[in-house]
Amino acid sequence: MDEQLLFETVRRHIVAVVPEIDPAEVTPEVSMADLGCNSIDRAEVVTLVLEDLGIDVPVPEFHGLPHIGALVELLRAHRP
Amino acid sequence: MKPAVITGMAVRTALATDLAGFTEALRAGRSGITRLPSAQAGQSAVAARLTIPDLPAELDALPGLVPGRHARAVRTAARAPMGVRTALLTALAAWQQAGLDTDGPPPERIGLVVAGHNLTAGYAESLYPRLRRGRSHVPARAALHLLDSDHLGVLSEVLGITGEGCTVGGASASGNVGIITAARLLALDAVDACLVVGACAELSELERQALFNLGAMADGRAREDPAEVCRPFDAERTGFVLGQGCGALVLESTESVRRRGARPLARLAGYGIGLDGNSQADPDRHGESAVMTAALRTAGLEPEQVGYVNAHGTASELGDRTEAEALRAVFGERPDGPWINATKALTGHTLHAAGVIEAVATVLQMRAGFVHPNVNLYRPVDAGLRFAGRSAQHAAIRYALSNGFGFGGIETSILLAGC
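Listed in order, the protein sequences are those of chains F and Z. Here the first sequence is numbered in full-length UniProt numbering, starting from 1 and rising by one per residue. Here the second sequence is numbered in full-length UniProt numbering, starting from 1 and rising by one per residue.
Hints are not guaranteed to be accurate.
Stated by the list, open to error - Derived coverage of chain Z by chain F (criterion: at least 3 residues anywhere in the stretch with Cβ under 8 Å from a Cβ of chain F; other residues may be distant):
(1) 72–78
(2) 139–152
Unchecked claim - One side only, chain F facing chain Z, incomplete, derived with CB under 8 Å:
(3) 20
(4) 22
(5) 24
(6) 57
Just so you know, these hints were derived from the structure itself, not from any lab. Glycine included, every Cβ here is placed at the ideal spot set by N, Cα and C.
Assemble the whole structure, with the sequences as input and the hints as a guide.
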């Protein structure tokens, strides 16, 4: 449940940052780069998600994740 | 000088966001200045505020967007600070009026000059609470949005401009500095057309307070009607009223206009620009008259040929008196001297954008054959000057000056000619 909530938060911010992305294409298996997010978009999504969830973790920890599922996993690990 | 032709214009001010509405507001002498209900003692109680644009909705309502531009605009600017969104919508309107999509010069021969500086302090201020809550909560894209040059990136991407581009600054003279910069790019043959955008600064509370504490800004509480607060050249003036706004012009070489048969709206026929050698906010009449004289000289005109002056006229006590002295030095005391009015009484002082907005106001009045009223001018600072009255007057204007003066002794005047 928590994982689903975290995933939906990520999806919401991805679509907000890159409006042309179809929300249905955002799945745990794809990476943000695959969806068409450039490096600035990806950093933007991370900062927006962290703020939304009230987690304060240095942004570089989120660099180089293979797919959205890994991002959700890392968020879950940092969740207070 | 080599004249530059104006082929596109647009404004967004508290009065109107389209040229027809702006023209009628000017003609009627309608003020965009309203009371600020949340203002506290020790702050200005009035301002002319712009409606924050809903970019996707406004793009939907804009006819004739080339395919792909809507999506590109939303992608690059929908989440940008208010000033960039405003600049984009204003620039698009001027761009479309000029017809640059149809038969304009190639992208690498179109330039972009963004007039204004320190445009993002209000945006920065809005981010501080996020920084305080968590360092990682500062949105990454703020690194781009905090730069004035974000305007250049966003506008050039959406419009497909790849020629020369820069931001230029000159405090409240920025708009004219931008227009002059564009004219020089054209004169150097660096570009065939140049978009000039007088940007809307998103002021921080800090900046507004400093302007108020300096004594430059009107308090506004002494008058019941906020429209009566801003009184350029009137004996009872008490300072400027802040206005939000943005203006855009497309300047084009005569060759480019001829080649594509574009409709000329007016010509930039001359300009003067200089410094007073003075870091203060106090103006200098010699510097002001010098740039007006330079504008006449570069256009090859005599003072008698100028039919209208759009004054800098902010309603500052010393500023207006000094500009009146400079006007008298240039034009003398003649019953048939140029009409003089001050658009800031209606739009508020739109700071960096003012020069571009007032250039548009000047061209609109020239084309429609009137001068807008000085709605709050009852006792002029100088009875020998020919100030427009309190209702619009018919006027056939062939040549007009538009002044822009900035803190730090930055003096500019541009000369506009009808087509």
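Legend entry - Restraint satisfaction for residue 57 of chain F [CB to CB of chain Z, less than 8 Å]: This interface hint holds because 6 Å falls under the 8 Å limit.
Legend entry - chain Z contact restraint for residue 22 of chain F - C-beta distance below 8 Å: 13 Å, violated
Inset, instruction - Go check the segment 139–152 of chain Z versus chain F for me, would you? Three or more residues, Cβ under 8 Å, otherwise it fails. - result: This one holds; 4 residues, not fewer than the three required, reach chain F with a Cβ under 8 Å.
Inset, instruction - Return the status of the interface hint for residue 20 of chain F: holds when the least beta-carbon distance to chain Z is below 8 Å, violated otherwise. - result: OK, holds: residue 20 of chain F within 8 Å of chain Z, min 6 Å.
Inset, instruction - Between the segment 72–78 of chain Z and chain F, see if three or more residues pass the 8 Å beta-carbon test, and mark the coverage as holds or violated. - result: Result for this restraint: holds, n = 3.
Legend entry - Restraint check, 8 Å cut-off on beta carbons, for residue 24 of chain F near chain Z: 18 Å, violated
In terms of the numbered hints stated before, the structure departs from hints 4 and 5, listed from lowest to highest.
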